[in-house]
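Start from the sequences and build out the full structure, keeping to the hints where you can.
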Amino acid sequence: MKLAYYPGCVARSTGREYEISTLAVCRALGIELAEIDNWNCCGATHVSNEVVSTALAARNLVRTDLPVMTSCSICYSRLRAAMIRLKDRHMRKRVNEALEKKYDGEKEVLHVIETITRALAGAEDQDPGDLIVRPLAGLKAAPYYGCLLTRPGGGIDSPENPSILEDLIRTLGAEPTDFRLKMKCCCGPIFMPEEEAAAETLIRILRNARASGADFVVALCPLCHLMLDANQPLLEKKLGEEIDLPILYVTQMAGLALGLAPEELGMEMNSVSTRPVLEKLEKIEGKKAEEEGAEVC
Amino acid sequence: MRIGVYVCHCGLNIAGVLEPSALAEFAKTLPGVEVARDLQFTCSDTGQDTIKEDIAEQKLESIVVAACSPRLHEPTFRRVISEAGLNPFMLEMANIREQCSWVHMDEPPQAQEKAKDLIRMAVAKATLLNPLHGETMPVSREVLVIGGGVAGIQASLDLADCGLHVHLVERRPTIGGYMALLTDVFPTNDCSICVLAPKMTDVYNHPLIDLVTYAEILNIEGSVGRFTVSGVKKARFVDEKLCKGCLNECAGVCPVEVPDDYEFGLGKRKAIYMPIPQAVPLVACIDTSACIGCGLCAEACPVDAIKYDQRQEDFRFDVGAIIVATGWQSFDPARKEEYGYGRYRDVISALQVERLLNAAGPTGGEVVRPSTGEVAKSVAFLQCVGSRDETVGNAYCSRVCCMYALKNAQLIKEKYPETEVSIHYIDLRAGGEGYEEFYMRAQRLGINFIRGRVSEVEEVDGSLRVNYEDTLLGGFRSRPYDLVVLSAGLEPNKDADVVGNLLGLAKRPDGFFEIAHPKMRPVEAHIDGVFIAGCASGPKEIQVSIAQGEAAAAKAMRLLLRGELALDPVVAMVDQEKCIGCQLCVETCPSKAISVDKTAFVDEASCKGCGTCAAACPVDAIDMTLFSDEQILAQIRAATAVKGQYPFIVGFLCNWCSYAGADLAGTSRIQYPTNMRAIRVMCAGRVDPAFVLEALKGGADGVLISGCRLGECHYNKGNYQAYQRVQVLRGVLEKVGINPGRVKIIWCAASEGEILAKEVRKFVSELKEMGPAGSELAALRPLEPAGGGS
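Chains as they are written, first to last, in this note's numbering: chain A, 606 to 902; chain B, 1467 to 2256.
No wet-lab data here; the hints were simulated from the structure. Cβ coordinates follow ideal geometry from the N, Cα and C atoms, glycine included. Be a bit skeptical, because a hint or two may be false.
[Claimed, not checked] Not close to chain A: a few residues of chain B, all C-beta gaps over 12 angstroms, as computed:
{"no.": "1", "residue": "1713"}
{"no.": "2", "residue": "1715"}
{"no.": "3", "residue": "1960"}
[Stated by the list, open to error] Straight line, CA to CA, 25 angstroms or less: simulated SDA-like cross-link-like pairs of lysine to any residue:
{"no.": "4", "chain 1": "A", "residue 1": "789", "chain 2": "B", "residue 2": "2085"}
{"no.": "5", "chain 1": "B", "residue 1": "1773", "chain 2": "B", "residue 2": "1725"}
{"no.": "6", "chain 1": "A", "residue 1": "843", "chain 2": "B", "residue 2": "1960"}
{"no.": "7", "chain 1": "A", "residue 1": "789", "chain 2": "B", "residue 2": "1856"}
{"no.": "8", "chain 1": "A", "residue 1": "789", "chain 2": "B", "residue 2": "1798"}
{"no.": "9", "chain 1": "A", "residue 1": "789", "chain 2": "B", "residue 2": "1922"}
{"no.": "10", "chain 1": "B", "residue 1": "2210", "chain 2": "B", "residue 2": "2186"}
{"no.": "11", "chain 1": "B", "residue 1": "1960", "chain 2": "B", "residue 2": "1701"}
{"no.": "12", "chain 1": "A", "residue 1": "692", "chain 2": "B", "residue 2": "1856"}
{"no.": "13", "chain 1": "A", "residue 1": "789", "chain 2": "B", "residue 2": "1810"}
{"no.": "14", "chain 1": "A", "residue 1": "692", "chain 2": "B", "residue 2": "1857"}
{"no.": "15", "chain 1": "A", "residue 1": "843", "chain 2": "B", "residue 2": "1942"}
{"no.": "16", "chain 1": "B", "residue 1": "2058", "chain 2": "B", "residue 2": "2085"}
{"no.": "17", "chain 1": "A", "residue 1": "842", "chain 2": "A", "residue 2": "801"}
{"no.": "18", "chain 1": "A", "residue 1": "789", "chain 2": "B", "residue 2": "1926"}
{"no.": "19", "chain 1": "A", "residue 1": "789", "chain 2": "B", "residue 2": "1917"}
{"no.": "20", "chain 1": "A", "residue 1": "843", "chain 2": "B", "residue 2": "1684"}
{"no.": "21", "chain 1": "B", "residue 1": "2210", "chain 2": "B", "residue 2": "2110"}
{"no.": "22", "chain 1": "B", "residue 1": "1843", "chain 2": "B", "residue 2": "1783"}
{"no.": "23", "chain 1": "B", "residue 1": "1699", "chain 2": "B", "residue 2": "1764"}
{"no.": "24", "chain 1": "B", "residue 1": "1700", "chain 2": "B", "residue 2": "1747"}
{"no.": "25", "chain 1": "A", "residue 1": "789", "chain 2": "B", "residue 2": "1857"}
{"no.": "26", "chain 1": "A", "residue 1": "692", "chain 2": "B", "residue 2": "1926"}
{"no.": "27", "chain 1": "A", "residue 1": "789", "chain 2": "B", "residue 2": "1803"}
{"no.": "28", "chain 1": "A", "residue 1": "789", "chain 2": "B", "residue 2": "1942"}
{"no.": "29", "chain 1": "A", "residue 1": "698", "chain 2": "A", "residue 2": "688"}
{"no.": "30", "chain 1": "B", "residue 1": "2210", "chain 2": "B", "residue 2": "2224"}
{"no.": "31", "chain 1": "A", "residue 1": "789", "chain 2": "B", "residue 2": "1944"}
{"no.": "32", "chain 1": "B", "residue 1": "2183", "chain 2": "B", "residue 2": "2009"}
{"no.": "33", "chain 1": "B", "residue 1": "1773", "chain 2": "B", "residue 2": "1698"}
{"no.": "34", "chain 1": "A", "residue 1": "789", "chain 2": "B", "residue 2": "1804"}
{"no.": "35", "chain 1": "A", "residue 1": "745", "chain 2": "B", "residue 2": "1926"}
{"no.": "36", "chain 1": "B", "residue 1": "2163", "chain 2": "B", "residue 2": "2217"}
{"no.": "37", "chain 1": "A", "residue 1": "789", "chain 2": "B", "residue 2": "1801"}
{"no.": "38", "chain 1": "A", "residue 1": "789", "chain 2": "B", "residue 2": "1700"}
{"no.": "39", "chain 1": "B", "residue 1": "1707", "chain 2": "B", "residue 2": "1733"}
{"no.": "40", "chain 1": "A", "residue 1": "789", "chain 2": "B", "residue 2": "1936"}
Right under this line is the structure:
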C-alpha cells in the first residue's frame, strides 16, 4: 500500500518521536509513504480566517493523487474540515482563485491510527498475530483521544464516545483502562492565556488516568502529548506530588507490539521516562518465558 | 344558452365608481344575453325576486351576477336560482366590487372598462356552464381507530357512545399507551392510571367497541366512506377468553427474566407477563423472543389458558373513516453521547424517573441511584435532550418536557425535602391553564432553576458531574449530582410509518404527520375520511391529546352519522379515449383520488376539485366539471377581446388565498392599477401552461399567477407544482424569444391584500419597461423590406 504522507509542522519540532515512530511503524507494516512535496501548514495557524485556513489545507491536498495520511490530529481535523468547507461552491471558488493547482474534489484523508488499524485488520494473507510479534499482554493503557481526532463529526468514530483506540489497544494485546476523561480537552489551546485553568484540568486528566490503573497513557495528537508529557514535571512541581505517568504515542505503542526496538521508536525522546513501561513488559515476558521453560522441562 | 345578467349598484359601493346602468346596457350586446338589468341591491329580497321572475318568464338557462365577490354571495345566488328551478351551478359571478370599484376609486373610467371585461368574461363562462348534480354515496358507519393511547381511547369512547361501531387496533398487548405508565400528571398532580384506567375498562366493556390488541394493520384500501382494513392479531399464546389475569401462577413459575420494556429497562419481567397490573385486556402474554418452552406455565395455569399452538389470526373489516392516533416515541437519549446515557448508570431518562416515582414501579416509588440502590440526595433534570437541537435533527420544542420535569421535580422534593433538585433549562415554557402557577409552585418548593444548556455529564470516581454555562450568573460551572434525569423529547413513532404509507399521509419536516391546515383543520389529514389525533401530529400534553381524540371523533361522526355522503360535483373527470395511462396525475393528486389501471380513474368521493391533475395531463385527457379548460379558455379570450389598457395583464388567482387576498385588498380599499383581469381557479396548480399561452397569444402583455404561500397550499403542494410549471414555461418562452418576465408567479395569503396590490403595481411597471407584447420579437428579427420587393 502506498500513501501520501503529510507530516505537519510538529513532526519536525516537538513531535520528532511521533514522526520517527510513525515512519518505523509504517515500514514494519509494509506501507510505503511518499512525503507530499513542498507541503505547507495545515491551516491550523489561520483558523480565524476561514478562507485562508481552507486554502492552506487545500494546497496540500491537491499536491498528490494518493490518499493522504497524517499522524497529527490537528492536521487531520483541518484537512477534513477543509474538504467539508469546500463542498460549498462559493468557498471552492474563492479558494481556487488562490491556488495554482485547483482543488477538484474530495480525497481520502487518514489518521495514522486508521492506517495501523486497517493494516492489522486487512492483512489478508497473514494473521494480524503474525505482525504482532511482541503482544503487550499485561500492560494497561489509558486511551486518550483529545478533541480533534473525531471532529468534525461524521468521521472515523463518535465525537463523544469513540472506541477505536481501545480496540487497537486490545488488538495489540494490552488492556485499555476505563479512562473516563479520555475525551477531555488537553488545554493546549488555552495553555498560554489560562495557565491556571489548564493546569487544573491536566491534573484531573492525569490523576484520572492513573486511577484507572494505567501503566501509561496513549496519545494520538502531538499537542495532547506535549501537554501531558512535556508539561508533567511542571505540573508535578505545582502539585508537590509525583505523577510519573509515561505518555506514549500510539505509534510507539504499536511499534513495540510490532517488535521494533525502543530506540527505533524514539522512546528515549519522551519527557517522562518510558523505562517503567519497557521494564514491566520485559518482566512479564521474562515470567512467561520462565513458565514456558518450566513446562518444556 | 339564454343568459340573464344582473349588475348590482350595492348602494354606492359599486355605483359610486362605476355606472351599473351602462354596464347592463353593455351586457345586452353580448351574445346569448336575453335580459340585463341593474339592481340596487341584488342580494335583497327584491333583487332575488327579480332574478326568479326573469328565470320563469324569460326561460333563462344561466345567470351572471355582476356584484360582490363570489366568496361572499355565490351560495346565496345558487340558492336563488335553484329555487327558481335552475341547476345551482348555472351561475357565474363577475366580481366588480372587491376587485374593481373598491380598488380603483380614483380611476372611474378605467374601472368601468375593466368591469365591462369582467362581465364579458363571466358571460363567456356562463355560456359554457353545465348543470352539475351532487350525488350521495352510502357509507359504512364503522370507524377504525389506530392506537390505544389516551387519544385513541377517547375517540373510540365518544364514537361508540354516539352509536358508531368502532374497531380499536393496538400494537401492544394492552391499551393505555404512555399515559398508563406515567406517575402523577401535571398540572394537578393526580395519579395518571387512576384517571385513565376507568376509560380503559369502559373501552373493554363497550358493546360497540371491537378491541383488537397485539395486532398489526397490514393493508388499507378504498377511500372515504368505504375503507377496507386488514391485518393480523398476533398470537399471545394465552387464550383471551380463559385467562383470568391472575398472573401470579404462570409468571411465578416462569424461569426466564428479561428487562421489562414497560419499566423502560429498570425492572425485570418474566417471559410470560402482564404488561401492567391494569392491563386491558387483562390477559397474560408470552414473549416468544424470551420463552424457552419449558412448559411450566401451562402446568401452573389453573384454567388451562396457555395455548402453545395458538396462531396469529387475520382480521378484515370495512370502515367509513379512520382515526390515526399512533402517538410518539421517546428520543433515544443515548444519541446525546455527551450526557452518558447508557454508559453511566445514574444517568436515566425522564420515562425511567416516571417509573421510579410510580408506587407500582420497580422501586415501589423510591427515587434511587441505579448504581447503589440508595435514595438520591441530589437530582438534576437536563432539559431539551433531543428537542430544540439541530445537531440531532430536531429543531422543534417537544412541548411537554418543561412541565413534566417541573412535575417530577416537585414530586421528588415533596417526598424527600432534603434532596437537592435542580432543573437545567434553556427556556422554561409553561403556557397552559394553571401551568405558570405550577412553575411558581416549583420555585416555592426550593427547586433550583439553572439556565444554560448542559455541555456534558462526566462520571469520575463514581460520581456524576454536570458541566454547564450558567447564562444568568455568567460563567462556566460544574456541579456534582447523585442522579441525572434527561428530559428526552418526543419523536414521531417510527412504527406508525406503515400506517402512514398505507394511507398516503404527508409528513412535516419534523417527521410528524401533517394535518390539513396548520391552524384551521387541526385533526384532519389531507386524505378525506382520515383524521389524526394526539401526538401522531406532534408533541402534545394529555389534555390536548384527549381534546383531539374528541375532535377527531366529532369529525368522523359528522362524516358518517347520516349514513351517506354528499359528493361535491366539482371534480376531475377522465376522457378514457385520450388517456394514455402515464400516471402523471396519480403523482400529482394531493388527495390520492386517482388510480390507473390502463387508464386513469378518478374516485369522485375523494377528489377535492383542485384541478392540478388537469393541468398536469400531457394529453388533455383530464378536465374539470367546473373551471373546465373550455370555460377558462373562453374567459381568457373574452378578457383579451378588447385590451383597452396597456400593459394588459391576465391574472389567475387561487380561490383559497390569492382570490381572498384580492378581496381583502377591496374591503381594505387598497388601491392598485386597473390593468389586471383576474380569473378565479381553485388552485394555482390548476393553471395549465396552455392558459398562459392563450393569454399571451390573445395579446396580453403579462400573465400573473398567484397561489397560497409556499407550505400553505390548501391542496398541500399545488403551488409548488404551479411554480415548477411556470419555471419550465419561462424557459420555453425565453427560447422562442419572448421575455420570460412576462409570466410571473407570486404567493399571496388571504390576509395579504397589500401584497397582491403591491405585486400588481410592480408587475405593471415591469411590463411597461418590457414594452408591449411581442416587441421583443420585433427587435429580434431584422426588418424585412416593406412591400415585398414591389
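Hints violated by the structure (numbers, ascending): Going through the list in order, the structure violates hints 4, 6, 20, 22, 26, 32, 36, 38, 39 and respects the others.
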